[in-house]
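Protein chains in written order, with the working numbering: chain A, 1 to 122; chain B, 1001 to 1296; chain C, 2001 to 2294.
Just to be clear, a hint being listed does not mean it is correct.
Unchecked claim - In silico DSSO-like pairs for lysine-lysine, Cα to Cα no more than 30 Å straight-line: (1) C/Lys2213 to A/Lys91; (2) C/Lys2203 to B/Lys1153; (3) B/Lys1153 to A/Lys79; (4) B/Lys1056 to C/Lys2156; (5) B/Lys1056 to C/Lys2213; (6) C/Lys2213 to C/Lys2156.
Just so you know, these hints were derived from the structure itself, not from any lab.
Since this is a predicted model, take the numbers as computed values, not measurements.
Residues per chain, in single letters:
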Amino acid sequence: MSTIAVSSEGPDLDARVDPRFGRAAVFIVLDPHTMVFDYIDNGASQIRAQGAGIQAAEIVADAGAKTVLTGFVGPKAFKALRAAGVGVVQKVDGLTVREAAIRFASGMLPLDQAPSHRQARR
Amino acid sequence: MIIAIASGKGGTGKTTVAASLAAVWDRPLAIADLDVEAPNLHLFLHPSFSATTAAKMEVPEIDESSCNRCRACVAICQFKAIGLLGDAILTFPEMCHGCGACMAVCPQEAIRSGCRTLGAIGWGHTPEGPFLNGRLSIGEAMSPPLIRLVRRKIGILAQAENRDVILDAPPGVSCPAVNAVMAADVVVLVTEPTPFGLFDLELALDAFQSHDRRLGVVVNRAGIGNHDVYRLCERRKIPILAEIPYQDAIAEAYARGDIIARVHPEIQSRFIKLGQRLRISNNPSRCAPVREAHHA
Amino acid sequence: MPEIVVLSGKGGTGKTSLTAAFAHLARGHVICDLDVDAPDLHLLLQPTPRRSETFRSGHEARIRAADCSRCGQCVDLCRFDAIRGDDPPVVNARQCEGCKLCVALCPQAAIDFIPRHCGDWHISDSRMGPMVHAQLRPGEENSGRLVAILREEARKLAGNLGRGLILSDGPPGVACPVISSLSGADLAIIVTEPTPSGRHDLKRVTALTAHFKIVTVVIINKGNLNPEQTAGIKSDCCQRGLPVLATLPHDPSVTAAMLAGKTVTEYTANGFSAELQAAWTGIQRHLNTVARKE
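This is chain A alone, in the form it adopts within the complex:
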């Protein structure tokens, strides 16, 4: 099973999924079968005037993730993730990182084909 990245409100598996992708507090990068994980602090995104989503796409792509689990991905970040060959699963906020990863590993979370409407042009 390939590596996934989950936008998270904290640096461990029991933190909640951060609904924001670009301005997520942390990215948890993990192997959903072994649950071996690492985390990347994304706090710097908070002071970015713009382009946090694109920046985040670069971060998770550089970390080797093949899929991102998050709340909402805007159109520009979606385009960036797609170019990097990273799949996107949206609307997994409300779960913990661990729960999201387990659901993904069991095939319960299909990939999204389009960016989310609600975050459009944020």
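Mind docking chains B and C on chain A? Use the hints.
The following block gives chains B and C in isolation, referenced to the frame of chain A:
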């Protein structure tokens, strides 16, 4: 002379003042509406539009074959308009401010100058002179480049024919408004004598006051509120260039889309005086304030 | 959590005065001023800040005179005409967009790139309920991010305090800050006036709310200034399926209330206030419809 009509917030009568001042101006004139998010001056001056051109800004176009993925452009771009995703180099033109930094730093010269459309420029004519307006596309966020473009075009046009310029600036005191008034010789701030007017005028004075630019205030709807706006101008040594009294008949004329200086001879003479005061001199100290007796 | 945003496109239609009155009628909900450029709501609600934060965004260039060789390259390079003079050149911070071009190419490395203090935001108490508001510094770019921060803080606050509604005074215009104020909103109230500009801008704002599929209602303020234009706006709205919840007259009590530092519904119980009360009832009805759909 370039005169920018501005205000700390919308709805104070900025466009009314711009239209009326244009209507009484007695030198060759060119007029531009720089309120590109909500261009409304044409609704009062009724120019006949002869052409509409696309308003474009420069954005990078990367030649993927000569790009060696060195990241120099990605690193310098402060607006995240270029991303390197794995091996894919992507541009996000809607993020670009058009600063040219990526092109300047690319060691491979792999970045060409492309362009994208922000909106349109309307080219028209009124009896008062040539008229331009910028119209930002709906959903487009990047207004300053369009404002700068229209400002530059009207500047060239006016200079060639030795015309004065009246600019209707966007309301507010943020980046677009500053971009609009930047090249003006005089900024006319339109306010109203209310607490909202006072607060917004103070912000506008902070934003636009500069050693190389004259500032003056037009009090619109004079008589509806209190005297705090006058006290502020006195304290900050800003001349009050004109007062336009509040009358139902004026508000109704405005609502009809009439130029108020054309409807009332008494209002017309106030605008003629305003024009004269603006032309008096480039010396701020000679731009004497007009205080009418009942406010003294 | 339902979120209502009050917009107008054109300024001066009475958006803020009406928002303040609704804040009074709704009492106890979270109030948010998203006009960070020229915020006026605080003039009517007199909030007391409990917490204030600095808003930093992007950077600005600053030339160190001692290290500058006066070569003038930065002056020529800057596309924003933000650097002027020659002994030494000086960056006008209000015009600098923080692109870093001059910083990167200065042969003397004499230009610093410093974080930009763009404004401040506050969480306050007001007599109408908790309030989130901000002030951008003059000349700063309103990227919409400060608007996004305020909305996020308002949501947190509403969640923590168990308030059922967020009522926001939206930014003017139709650009980035307005777009930012609309993402995820449940209901947009557009306050317009029967003037050529009012009618023109109403079309632009409703195009935007339609684009984001947000339920939109319209209030015509100062309707008696031009009955013909008022009728025109009503037919525009009818064609687009937008309910006109109220047509309010031009009423001097709006300015009088402003001078007294009060909302118009606090200031007087006249006919105008009664019509506002009726409009607020209509807004609540529409909000319930939205809530049921969700």
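Hints, one by one, checked against the model:
1. Using a Cα cut-off of 30 Å, the hinted pair C/Lys2213 and A/Lys91 holds, with the two alpha carbons roughly 19 Å apart.
2. Pair hint C/Lys2203 plus B/Lys1153 holds up; C-alpha atoms about 28 Å apart against a cutoff of 30 Å.
3. Distance restraint check for B/Lys1153 and A/Lys79: the Cα-Cα separation of roughly 35 Å exceeds the 30 Å cut-off, and the hinted pair is therefore not satisfied.
4. Note on B/Lys1056 and C/Lys2156: the hinted pairing is violated, with a Cα-Cα distance of about 40 Å set against a maximum of 30 Å.
5. At roughly 29 Å between alpha-carbon atoms, B/Lys1056 and C/Lys2213 fall within 30 Å of each other, so this suggested pair holds.
6. Distance restraint check for C/Lys2213 and C/Lys2156: the Cα-Cα separation of roughly 24 Å lies within the 30 Å cut-off, and the hinted pair is therefore satisfied.
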